[in-house]
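Chains as they are written, first to last, in this note's numbering: chain A, 1 to 368; chain B, 1001 to 1645.
Worth flagging that the hints you see were computed from the coordinates, not collected in a lab.
One should not assume that every hint holds.
[As the list claims (entries may be wrong)] Here are the simulated distance ranges between beta carbons:
#  : chain 1 : residue 1 : chain 2 : residue 2 : range
1  : B       : 1470      : A       : 319       : 36 to 44 Å
2  : A       : 29        : B       : 1572      : 48 to 56 Å
3  : B       : 1470      : A       : 307       : 31 to 39 Å
4  : A       : 29        : B       : 1598      : 51 to 59 Å
5  : A       : 319       : B       : 1517      : 53 to 61 Å
6  : A       : 307       : B       : 1594      : 29 to 37 Å
7  : B       : 1470      : A       : 335       : 36 to 44 Å
8  : A       : 307       : B       : 1214      : 56 to 64 Å
9  : A       : 332       : B       : 1470      : 51 to 59 Å
10 : B       : 1186      : A       : 40        : 50 to 58 Å
11 : B       : 1369      : A       : 29        : 53 to 61 Å
12 : B       : 1598      : A       : 16        : 47 to 55 Å
13 : A       : 40        : B       : 1594      : 37 to 45 Å
[Said to hold, decoys possible] Derived pair list, reagent style DSS-like, types lysine-lysine, alpha-carbon separation capped at 25 Å:
#  : chain 1 : residue 1 : chain 2 : residue 2
14 : A       : 111       : B       : 1474
15 : B       : 1465      : A       : 68
16 : A       : 43        : A       : 93
17 : B       : 1085      : A       : 68
18 : A       : 111       : B       : 1085
19 : A       : 67        : B       : 1471
20 : B       : 1541      : B       : 1529
21 : B       : 1474      : A       : 73
22 : A       : 67        : B       : 1529
23 : B       : 1085      : B       : 1152
24 : B       : 1024      : B       : 1085
25 : B       : 1073      : A       : 111
Model, not experiment: these values are computed from the prediction.
Every residue gets a Cβ at the ideal spot worked out from N, C-alpha and C, and that includes glycine.
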Amino acid sequence: MSAITEGEVGQATLEELYALAEGVYQDFTDGRVPELQLPVRSKSNIEFDEEHGVWKYGDSSSTRSAKKTNGAKMLLRTMYMINFIREMIETNKSSTLREMYYISEGWDLAKFAKQSESDKLAEDLEVVTELMREDFKLRPEEDGARILGDVTVEETTRTGDTRVINCRDDVGDAGYSVPFNVEEEKLSLRSIDCDFVIAIETGGMFDRLVENGFDESHRALLLHLKGQPARSTRRLLKRLNEEFGIPTVVFLDADPWSYRIFGSVAYGAIKTAHISEHLATPGAQYLGITPSDIVNYDLPTDALTEQDERALKSELSDPRFQDDRWQGEIEFQLELGKKSEQQALAKYGLDFVTDTYLPEKLGEMGVL
Amino acid sequence: MSIANELAEKQREISVSEFFERNKHILGFDNTTRALITSIKEGVDNALDACEEAGVLPEIHVEIDELSDDEYKVVIEDNGPGVIKREVPNVFGKLLYGSRFHQIRQSRGQQGIGISAVVMYGQLTSGQPTTVLTRVGPDHPAYRLDLRIDTKKNEPEIKNEEIVDWEKDHGTRLEITMEGRYVRGAQSIFEYMRTTSVVNPHAQLTLVEPDGTRTVFPRASEDLPPETVEIKPHPQGIELGQLQAMAKNTEATKITSFLQKDFCRVGLSTARKICEASGVREDRKPKYLKTDDCKDLMKAFDEVRMVSPPTDCLSPIGEALIRRGLRTEFKDADLIATTTRDPEVNGGPPFQVEAAVVYGADKITEEEQVEILRYANRVPLLYQRGGCVATTAIEKIDWRRYDLDQRGGQGIPRGSAAILVHVASTNVPFTSESKDAIANIPKIEDEIELAVRECARKMRSHIRKGKKMRKLRKKENIIRQIIPQIAEKSAQILDRDVPDYERSIANIMNAVMVTPEITYEQGVGHDVKVRVTNYTSHGKKVRLIVEIPPDGTLEDPNPDKIGLEDNKLSWEEIKIDSGEARTFEYRIRGLPPDDVSNVDAYLDGIDAALIAGAEEWEEDTVPETAPAPQQIDPDEEEITKEVEV
């Protein structure tokens, strides 16, 4: 990418977006009902991509036609958004998704009811043009991860300087904050002295491992996912895994929502299946908490809610969760009717997780 | 006088008040609530009949004062012809008195036991006499009389007669004190007044309730219903007992002249045929006919072909007046569909059914059962809803087919609708003497069902038209705004001119839309604009037909190259290109503002699926609003001939 100038990237992006407008324009001149074809973005239309070892969208597509009021609105929004992206490219600006949402307030009939709608349309545009939203000059409201462990990175700062940071020695206990852009031009990974990466769902557990010195005692790189991980977090996990060749384990709650997080980390998220090969880490392993752990460690539990049960059943039919281990665990959990949190391990004391649980699990997985 | 005679006399004397006591329930005085309603009903029915017979637009004032817990004073005042003084005791004080008992003619009065029963009830429960104030004209004095009934002799007595000042030129006012209980609700005086007002739009009714609440049911029409004609009985509509009584009382001396003079639709040749068929000799004296002879005659009546009874003895309300009455009651209704069936005269007393369906008035909620308004000879029926043929006919219909909710496809449907059924007859067959419900005669049930279904079909097509139209309208609004913006933005992105988007819009709507707009101006009338928009991808050639309300006058159709036939206005060979619209205008004069609330429009020449806001034109689907004229049989000639034998 270094051989191509930013201006050329912008021009190429615009060509793709103009093609969309062209199609609509042509529909009008031919007296047709304008429409857009989009891949179906649901679990019914994801397929395993052998080449990348991740799940990507299949061939099913849906038509957004101006025949329906909603389709017409979607087309109008698309036109507004393309126009907006064009302005940004031409004036060399960028905006956050949230800023775009607020700007769309002025789009009259095309304005969105909530930000998730405008975010989704930006994703749709990625899907249709096979570009990334960064190409559109759109970036997320960074809610990036923290990492803590003996890894050295080189970050290009806003002033254009480069800064070398060791994510254990040069940072405080909160760790190193991952920037929203983790591509090579912004962040390069220099060296690592860890045996594995452990991605952790909750801040509480991340801090527990930091306080207990788990990074040093077990030569681990700790990464805080912050719930459903942002694209940059998943991208960084993938780069760490690929560039250093060390195992990645994922440590989450034992509930359907956490399994979804794992799915997006390891297999590719349904929402972003068009760029799974950039974001998913096929080698990532699920460490726990598993439904079996609930019984084996006799953990405190909550009953599954109706929504939990529905989500679990939906996962049973999710093509990404078809292997025997997942099917077995999910069915077992439905039978059990219980769920449990990472922090339930505190039942056995604050050190139990680092002294007993994680070493045992990592041993079973062959990571330690 | 012998002892036996004396006893018999005594027996007869006791019987009047006792007859009343014993039969309170069948006369409509079975409880105090009911008694109050019956009293008002008798009084108002009487007043309406009196006004109509005299050709006066009725103005009836009803007032109910609570004197103590269970004692009320009922006042019924009308602007009718009044009663001459010497007739007052007979009209108001004699049970079973009145000319109506011998008439074959549709009137309200045959419905009840009569106003004298109310006078009797008042006297029996309160001990008070009835006060009658009446005046027959501006040149006559107004009399106030206190009236009592001697229950032993069934003889009225006048007390305290005086001449008084009265602001009315003519009319009658009754004041009756009685035991009663005043209620509101489904079976109440208020309901009776309200429902009476619906089918009597020529009357103005005022009700003052015990708490002082005054409700005026205003007059909605200046036209009196046509006068009904008294007819003699038709042979095919009488019972054996009636025939025997007629034979005994006739002045005719031969069977043939008896049949000709005392029956309608019987001429000499028909009379002879009857005699021949029955085997009763033509010159027999009617007075001496035996029961078996009468039975033979009855049989012959059914065998011999004769002209149906005339129908001018019936007084249907008429569709225009029903609509007007319902419109006054349901001001914001989306639709009032009406039907008047042809009179049914074959066998039995002639009758005629009218029906109406009101749809989409605010006061009728979606979830509740539809309101059923039942009438017999313009008198509302409030009681025994379930036992009435009008109700059973409605319950039998699968209303789901007409887009109303109905559990299991039977029973009373739910939805924002009201159904009106009116049965007019010279002799309405009631289930009992209290005359609350019409008996289940298959012929009447069939006619009611047909009439109601006809209205229901109109309602369904209205509902569906409305749904399709609302959807399209909404879509049109949005599409009309969004599509131009999409076109504009796409052009802006590409730095080109805005493309023509009309054909795309037509492709999206894929309908020919008919949108009427009605404006009313006092003194001018209703201006109607019908816009036809071709939202399809191809040009269309259509015929537009609109129905003109029968009572209105059409003016200034534009474009004026039109056809006009049977109240239907049509524009032929209208060419409209894809995406184009054309407007058609006309004016209707002479109708009150509420009478033109929607336009029945039809399109001819395009696929029904493409039509929105109108119906597909089918030659025979639009029913005639006026009943077809009755066939005149050649036998008719005979009737007018006076035959002397």
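For this session: Please test the hint of 51 to 59 Å on the beta carbon pair from residue 332 of chain A and residue 1470 of chain B.
Result: Holds - the Cβ-Cβ distance for residue 332 of chain A and residue 1470 of chain B, about 52 Å, lies within 51 to 59 Å.
Exercise. Is the hinted range of 36 to 44 Å satisfied by the C-beta distance from residue 1470 of chain B to residue 335 of chain A?
Worked result: At roughly 50 Å between Cβ atoms, residue 335 of chain A and residue 1470 of chain B fall outside 36 to 44 Å, so the hint is violated.
For this session: Indicate whether the distance between the beta carbons of residue 307 of chain A and residue 1594 of chain B respects the range 29 to 37 Å.
Result: Given about 54 Å between the Cβ atoms, the range is violated.
For this session: Would you check the hint for residue 43 of chain A and residue 93 of chain A, treating anything up to 25 Å between C-alpha atoms as holding?
Result: Judged against 25 Å, a Cα distance of about 35 Å means the pair is violated.
For this session: Using the beta carbons of residue 29 of chain A and residue 1572 of chain B, state whether their distance is inside 48 to 56 Å or not.
Result: Since residue 29 of chain A and residue 1572 of chain B have Cβ atoms about 35 Å apart, the given range 48 to 56 Å is violated.
For this session: Could you see if the CB distance from residue 1470 of chain B to residue 319 of chain A stays within 36 to 44 Å?
Result: The hint (36 to 44 Å, Cβ to Cβ) holds, given that residue 1470 of chain B and residue 319 of chain A are roughly 42 Å apart.
Exercise. Is it true that the CA of residue 1465 of chain B sits at most 25 Å from the CA of residue 68 of chain A?
Worked result: Distance of about 20 Å is within 25 Å: holds.
Problem set entry | Pairwise beta carbon distance, residue 1470 of chain B to residue 307 of chain A, judged against the given window 31 to 39 Å | 36 Å, holds
Exercise. Range hint 56 to 64 Å: satisfied by the CB atoms of residue 307 of chain A and residue 1214 of chain B?
Worked result: Between residue 307 of chain A and residue 1214 of chain B, where Cβ atoms are some 59 Å apart, the hint holds.
Problem set entry | 25 Å limit on alpha-carbon distance, applied to hinted pair residue 1085 of chain B and residue 1152 of chain B | 23 Å, holds
Exercise. Is the Cα-Cα distance between residue 1474 of chain B and residue 73 of chain A 25 Å or less?
Worked result: It holds: about 14 Å lies between the C-alpha atoms, which stays within 25 Å.
Exercise. Given the proposed pairing of residue 67 of chain A with residue 1529 of chain B, does the C-alpha separation stay at or below 25 Å?
Worked result: 29 Å, violated
Hints 2, 4, 6, 7, 13, 16, 17, 18, 22, 24, 25 from the earlier list are contradicted by this structure; the remaining hints agree with it.
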